[in-house]
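**Q** Sequence:
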Amino acid sequence: MKKAFVLIFSCFLLFLHLHIVRTHYAKNEETNKKDTKLKKKRNVKTFNKKLTNKSFLQVQHTVATRSVPPPPCLGDDCFCQNYYDLTLILDESASIGSKNWKNHVIPFTDKIIKDLTISKNEVHVGILLFSSKNRDYVTYGDELRYQKDELLKKVEKLKKDYYCGGGTKILGALKYSLENYTKHKNIRYDAPKVTILFTDGNENSASNKQLLEMGLTYRRERVKLLVLGVAAAEDNKLKLIAGCEENTNCPYSMKAEWETINDITKRLTNKICHTESEIEPEPKPEPSTPTHCQGDDCFCEDYYDLTLILDESRSITLNKWKKDVVPFAEKVLNNLNIDKDKIHVGIMRFAKSMKTDIGYEQETRYMKNDLIKLVRELKDKYGYGGATHLVDALQYSLKTFTRHPNNRVDAPKVTILFTDGNETSKKEKDIRDVGLLYRKENVKLIVVGVNLATEKSLKLLAGCTENEECLRVIKCEWNDLTNITKILTDKICNTGSVELPKPEENPEPVEKPNPEENPNPVEKPTPEENPNPVEKPEPEKNPCINMEDCYCKDFYDITLVLDESASISDLIWRNEVIPFSLEIIKRINISYKNVHMGVLLFSEYTRDIVRFYDNARYEKGTLQTKINDLKRDYRSGKKTYIIQALRYALTYYSKLSNRKEAPKVTMLFTDGNDSYESEKGLQDIALLYRKENVKLLVVGVSTASENKLKMLVGCAPNVVCPFVIKTEWGLLKSVSEVFVKKICDNGVVLPPGSPSESTPGSPSESTPGNPSYLFIHFI
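Numbering (mature numbering (1 follows the signal peptide of the UniProt record, and there is no 0)), first residue to last: -23 to -1, 1 to 756.
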């Protein structure tokens, strides 16, 4: 019985065990099937992801997502089908200025947005502002990023929201844009990315390597970066920011000017679609159509690269700049056949420093209307330059314009230089050498000079010698400047080829010791050229033994400097100042072999009446006529800048006389004191005149301080000073005789530091009985 029970119980346990094992096996089988299905699904997803990762778009959401419609395009095709996310980065640094912000930056941004096809399923736009800090304006979290009308309203509000930041942190703005705009959580992963950067300056705290690295970072992130610069923004730095090398053609960067940025927005937005095709080819020097000329024939076929160089030194004055120089430049451009396949034009200004207005990296160089518009805007850009560095300007032009990589290798080169003066920092040899350099470089250099510019200097600049006829030089007067533009542009064609200098040709001293060697004033190739070249004014025999003797033998160059400030009044000008000046001229022995005179007026400006290259300088009758004509030409200036006038007279009159052996005298008339300078300024000008060995005589009336007049000529306030006359209105004409006699009576100019430096001012020598040191003070 017990055995039977044990057997039955054992069978039951065995059955139970088998049932448990079978159930567990069935569960494992089901689990394996599920795992296999899941693995297959994962493999499919991985495969799909690999496929999408191969595209430019890096799609992370599958097309199967039904919440938005599928993209209208794939990859780079989207740029041309208006399906991309665009970030505008706008410079709002202090250098922009409120005027440019309202008149240029905002209209530029407005036109960019109007040119785009903006909607929820097309272009989205974000706007970032930057200076030394970044400022979010329209982010990808704002719904108006795809609402065109709202975007335009938002941009319009920016006119009154100019931050005027302190710096131009371009790299910081680009980095911020990449992290907070391009990679924003709301961006469309299937839409390609574009960034447009606008700036008026440079990132001065970053190296060129850092700029290029930022541009390459954008490329690695598959973001198309377009860069537009104006004003001080350097073309080479713009290229680096866009990820290009400095000396290559870069379709991603553009350089424009304030006046033209609103005209190029369409070209800029077109680059979003068409830039890719521009990156591969090297820059082509040839025009789009084959040239139909060769060599010098191209000058007459209107196929050449022209550089226009404009002098903006202080001697020109703002009035002449607006009324003569800018209209002259505009008429030159109007005369030219400017087009992409014809003439290209670059424009620069110079004085002591150089300024590029239109460079050869700008497309404006062959857009005639834009060029003329820019030239007109130059009226408000006069630089008041402190010197006339002609040689530096020509060297800068050769390097920056003539040798620019965008120049067409098959187009001959022309440079037109306009100046109103002579080189102030280089030797004659340097002037001659730069002219020869242009000939060696096969550049046709045409030089136009007015005012103080001597024909000798102009010829040297053009690579000619002083005595040869030089067809590429035009010397004219201010009032003829705009009338000679047609003759000027005709010279590009009709002056033939550029002759290379002979191997033995070297600059040599041009001045001849004898007047017989001076060439006769000659037939000029064109009537606009100056028919009266600067003659050698040396007499046949020097009449004096030494410089002191010259003063009394009427052999010197004198500059008459007359105050025409408002305190004088028109009535006193006509009845006192002009008669006084005429009496001075009457009492001086002015002739070709004796005294030469220049005349200069001043107030807050200086005004040339007779220069030392004018024939009137030794023609007494002409001088008297010019002075008499001033009765009707009183300008009534607002200030009395005596020091400025004396510096100008020294630089542009005394130093520019060709008679080196003739001593120099300056006579100053004023009715007041300098409106700006300190006592130290008065002392400094006195020392400067004595260092330059120029005898300075001063007559003052009305409110002119006697002590300050004394300081002006280097005398102490408490001594009698033979170089100064202080009088009153009504007595001015009567002192002219005494004033002229001082030229001879006061002896030579003592240099600073001389042992007898105090002699002229010592009371012991200035007694009433000594006519050589007569001092007049009317009370």
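Don't read these hints as lab results, they were simulated from the structure.
Among the hints, a few may not be true.
Said to hold, decoys possible - Each computed SDA-like pair below joins lysine to any residue, with the alpha-carbon atoms no more than 20 Å apart:
id: 1; residue 1: Lys710; residue 2: Leu665
id: 2; residue 1: Lys350; residue 2: Leu674
id: 3; residue 1: Lys632; residue 2: Leu674
id: 4; residue 1: Lys570; residue 2: Ser679
id: 5; residue 1: Lys299; residue 2: Asp334
id: 6; residue 1: Lys376; residue 2: Ala439
id: 7; residue 1: Lys358; residue 2: Glu234
id: 8; residue 1: Lys570; residue 2: Lys608
id: 9; residue 1: Lys308; residue 2: Lys376
id: 10; residue 1: Lys657; residue 2: Lys637
id: 11; residue 1: Lys76; residue 2: Leu203
id: 12; residue 1: Lys608; residue 2: Leu674
id: 13; residue 1: Lys243; residue 2: Leu203
id: 14; residue 1: Lys530; residue 2: Ser568
id: 15; residue 1: Lys136; residue 2: Pro84
id: 16; residue 1: Lys403; residue 2: Arg353
id: 17; residue 1: Lys299; residue 2: Ser679
**Q** Run every hint past the structure and note whether it holds.
**A** Going down the list of hints, with the structure as the test:
| no. | hint | in the structure |
| --- | --- | --- |
| 1 | Lys710 <-> Leu665 | violated, 29 Å |
| 2 | Lys350 <-> Leu674 | violated, 48 Å |
| 3 | Lys632 <-> Leu674 | holds, 17 Å |
| 4 | Lys570 <-> Ser679 | violated, 37 Å |
| 5 | Lys299 <-> Asp334 | holds, 17 Å |
| 6 | Lys376 <-> Ala439 | holds, 18 Å |
| 7 | Lys358 <-> Glu234 | holds, 13 Å |
| 8 | Lys570 <-> Lys608 | violated, 29 Å |
| 9 | Lys308 <-> Lys376 | violated, 26 Å |
| 10 | Lys657 <-> Lys637 | violated, 30 Å |
| 11 | Lys76 <-> Leu203 | violated, 25 Å |
| 12 | Lys608 <-> Leu674 | violated, 24 Å |
| 13 | Lys243 <-> Leu203 | holds, 13 Å |
| 14 | Lys530 <-> Ser568 | holds, 13 Å |
| 15 | Lys136 <-> Pro84 | holds, 9 Å |
| 16 | Lys403 <-> Arg353 | violated, 32 Å |
| 17 | Lys299 <-> Ser679 | violated, 35 Å |
Hint violations for this structure: numbers 1, 2, 4, 8, 9, 10, 11, 12, 16, 17, all remaining hints satisfied.
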